[in-house]
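Peer 1: Based on these hints, arrange chain B on the given structure of chain A.
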Amino acid sequence: MKKYILPSIVLSIVSMLVFVVIYTLIVWGIGYAVAPNHGNGEVVTVNGKVVGYKLVGQSFTQAKYFNGRPSSTTPAYNAASSGGSNKGPSNPDYLKGVQAAIDTFMKYNPTIKKEDVPVEMVTMSGSGLDPDISPKAAMVQIPRIAKERHLSEEQLTALVNKHIEKPFLGPAHINVLLLNVDLDGLAAK
Amino acid sequence: MIFNTEILGVVTIFAVTVALAIPFGKYIAKVYAGEKTILDAVFNPIEKLIYRLMGIDPDQEMNWKQHLIALLTINIMWYPLTMFILMNQNWLPLNPDKIPAMSPDLAFHSTCAFITNCFQQHYSGETGMSYFSQLFVMYSLFFLTPAITLAAMAVVFNALKERSTDKLGNFYNYYIKSNTRILLPVSLITAIIFLLNGMPMTFEGAHTFTTLQGDTANVARGPVAAFESIKMLGLDGGGFFGVNSAHPFENPNFFTNMIENIYHIFLPIATVFALGFYLKRKKLAWMIFGVMTVGFLLLLMPAVYYELKGNPAITQMGIDNSLGNMEGKEIRFGTVASAFWSITATSSMNGATNCMHDSFMPLSGAMQLLGIMVNSLYGGVGTGVLGFFVTIILTVFIGSLMIGRTPQFLGKKIGMREVKITMIVTLLHPFLSLVGTALACSFPNLTTPTLGNPGFHGFTEMIYEYTSASSADGSGFAGLGNNTPWWNISCGIVILLGRFLPIIGAVAIAGILGRKLYLGDSAGTLVTDSPTFGLMVFSIIFIIAALTFYPALAVGPFAEHFSMPH
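Taken in sequence, the protein lines are chains A and B.
For the first sequence, position 71 matches number 71 in our numbering, and the numbering has no gaps at all.
For the second sequence, position 173 matches number 173 in our numbering, and the numbering has no gaps at all.
In isolation and in its complexed conformation, chain A is listed as follows (with noise of 0.2 Å):
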């Protein structure tokens, strides 16, 4: 048994050394030289302000900016705390939840037929910081924000196109952050 344990002794802690202090010294300065921001996520500024994360999405709940996917977050979009609902599809309360966002949705966006309202903005994220919309909840926003920000809906059209990414095989969606960002330019003009 005991030229087991000690071999076994070494190993442990050689392992450390090589996986928690070479192999990772040798990714954080890579990702120090090369990474976004040096390895410290990537930053949205706003006149030298950081306002937010590129990848981690940010609550939008006023009705001058679009808005971004329901989270389940206590408070939305905790980038702390990250959660997906975990509801069940069959489950009763659920349901009525969803329901009531549907009607919520339908509130805020009056123009908006009730067969236009897009899925994915009355169902909660798996991360609870979904950075994403679809195009056409974006679009379907636009008539809304026209109004708040007294613009017009061609120019929010050429605007949300701008924004729409589509990686090569993966879904397109649009970064809800940098459109707002974009969207506060274009209304300050």
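Keep in mind the hints are simulated off the structure, nothing from the lab.
Some clues are possibly wrong.
[To be verified] Restricting the straight-line Cα-Cα distance to at most 27 Å, the calculated cross-link-like pairs of lysine-lysine (DSSO-like) are:
(1) B/K48 x A/K3
(2) A/K96 x B/K65
(3) B/K167 x A/K2
(4) A/K113 x B/K48
(5) B/K167 x A/K3
(6) A/K54 x B/K98
(7) A/K147 x A/K96
(8) A/K2 x B/K65
(9) B/K65 x A/K3
(10) A/K136 x B/K309
(11) A/K64 x A/K166
(12) B/K280 x B/K167
(13) B/K48 x B/K167
(14) A/K136 x A/K147
(15) A/K2 x B/K48
[As the list claims (entries may be wrong)] Reference listing, derived: stretches of chain A covered by chain B, where coverage requires no fewer than 3 residues with Cβ under 8 Å from a Cβ of chain B:
(16) 18-29
(17) 73-80
(18) 117-123
[Claimed, not checked] Using C-beta positions, here's what the derived DEER-type ranges look like:
(19) B/T532 x A/K96: 49 to 59 Å
(20) A/P143 x B/N218: 32 to 42 Å
(21) B/L298 x A/G29: 41 to 51 Å
We put the CB at the ideal spot given by N, CA and C, even for glycine.
Peer 2: Same frame as chain A, now just chain B:
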């Protein structure tokens, strides 16, 4: 129309995985056979140094019993160390976000889960683990645990060669090479790709700032890129953050999603072909791969179909349900890629999630559950091949009975001891998960308050938890409030039994066979690499899974499916 590109996306993921796995399997076979490989120049001197420090001679071969002792002692070392770190992480260094210590039962469960490659997490990463724990516990065990099973698999490979011997190589040699030649290099390259795609790799704590709308936000970060690459490659699956690969920092875009998804089944498929290359029995490898793929596709298609169809209860509300079931899913992946991920993660015992399984449609959840229950459709890294090996022994036994011949596999007669071990291993996982669930149902005051959803779905949450624990998968229906003494202790015990007994069983069977006389194949020997035999293996897998698990599936996901509008 968009769904066509999404389906093309997952077909591409699968095709690329197989295309990469076959040559990599050849490389793995060469590593374990001791042949010259390209990384020799870099790692030979490093490995020599490690052997010298350990005081072992890598050319000293062991028999199967010595291999198992080496395997178990390596694992046992980490038990007290991990428990100590987790229960003292509050004062240990590298804790910028002031995470508190884990409770004893949570530390017990976490240690059981981490040492076994399961990584079932009853805590949420960004609130439950300090950077010190993530680094010294998770990083270490992310490499250690897959290397253990790869080494055990190498022992089995060695034992199945066409000769009779007790000498099956050196466990430490296999274990160290699994890390230096297979896991570490690929992980490093992947980490760099992840860095360039925006995954953070920092030791800074959470960042507080004001959002565009004017609210205060607090964003947790951490050393994620290096973590993520080995987490996926080693099929560990434990997330840095609570929502695992649904978190934008663990999976920023569709490209990283493709890479992570490839890794679910990359090593499992590669090891199947490694078996073929090592033993120079390529037909056998193709038979195994064929059976696994057919089973996998049968699980995949219903899941993708029902997720794309969406929740009929929501369709009834009259809105635009064209994206499918988006509850618990992320926009940048879409429904198809999320469904595909969930099936590859559960078939391969990886357990990482890029979407919330609790919110899947009932039959999709049933497919995930079946993947974990069957445990050998690709299966885990090393454990997939080991599990399938045991299934082959069972099938050879039954098939040989049918033709009135002594069971024989790869030239070795199969005896009573091997068949007894096979039976125990085959019945173990169903036993653990069903008995565990039955016990949980017997104490409703302890378990019912923890359920996240009522009715049939709640029952599915419970059986998923125990099935995931016994098969070392680690994913879960996250609505279950599983950080309670009941769940922590019962799942911890299930995890330990479910992980080590099958490995011991498979190595024992191989070791016993390895010692036996090698007889060539005669005209009457049952052929084990033909499509007919493959069909038989598939049928055995299907029948055993159906007999053991069908009642539970009927009471859970099937009942839920039929109770919903459709």
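Peer 1: The structure should be examined with respect to each hint, and the outcome stated for every one.
Peer 2: Results of checking the hints against the structure:
no.	hint	result
1	B/K48 x A/K3	18 Å, holds
2	A/K96 x B/K65	59 Å, violated
3	B/K167 x A/K2	21 Å, holds
4	A/K113 x B/K48	71 Å, violated
5	B/K167 x A/K3	18 Å, holds
6	A/K54 x B/K98	26 Å, holds
7	A/K147 x A/K96	30 Å, violated
8	A/K2 x B/K65	15 Å, holds
9	B/K65 x A/K3	14 Å, holds
10	A/K136 x B/K309	18 Å, holds
11	A/K64 x A/K166	26 Å, holds
12	B/K280 x B/K167	20 Å, holds
13	B/K48 x B/K167	21 Å, holds
14	A/K136 x A/K147	19 Å, holds
15	A/K2 x B/K48	22 Å, holds
16	18-29	holds (count 8)
17	73-80	holds (count 5)
18	117-123	holds (count 6)
19	B/T532 x A/K96: 49 to 59 Å	54 Å, holds
20	A/P143 x B/N218: 32 to 42 Å	34 Å, holds
21	B/L298 x A/G29: 41 to 51 Å	46 Å, holds
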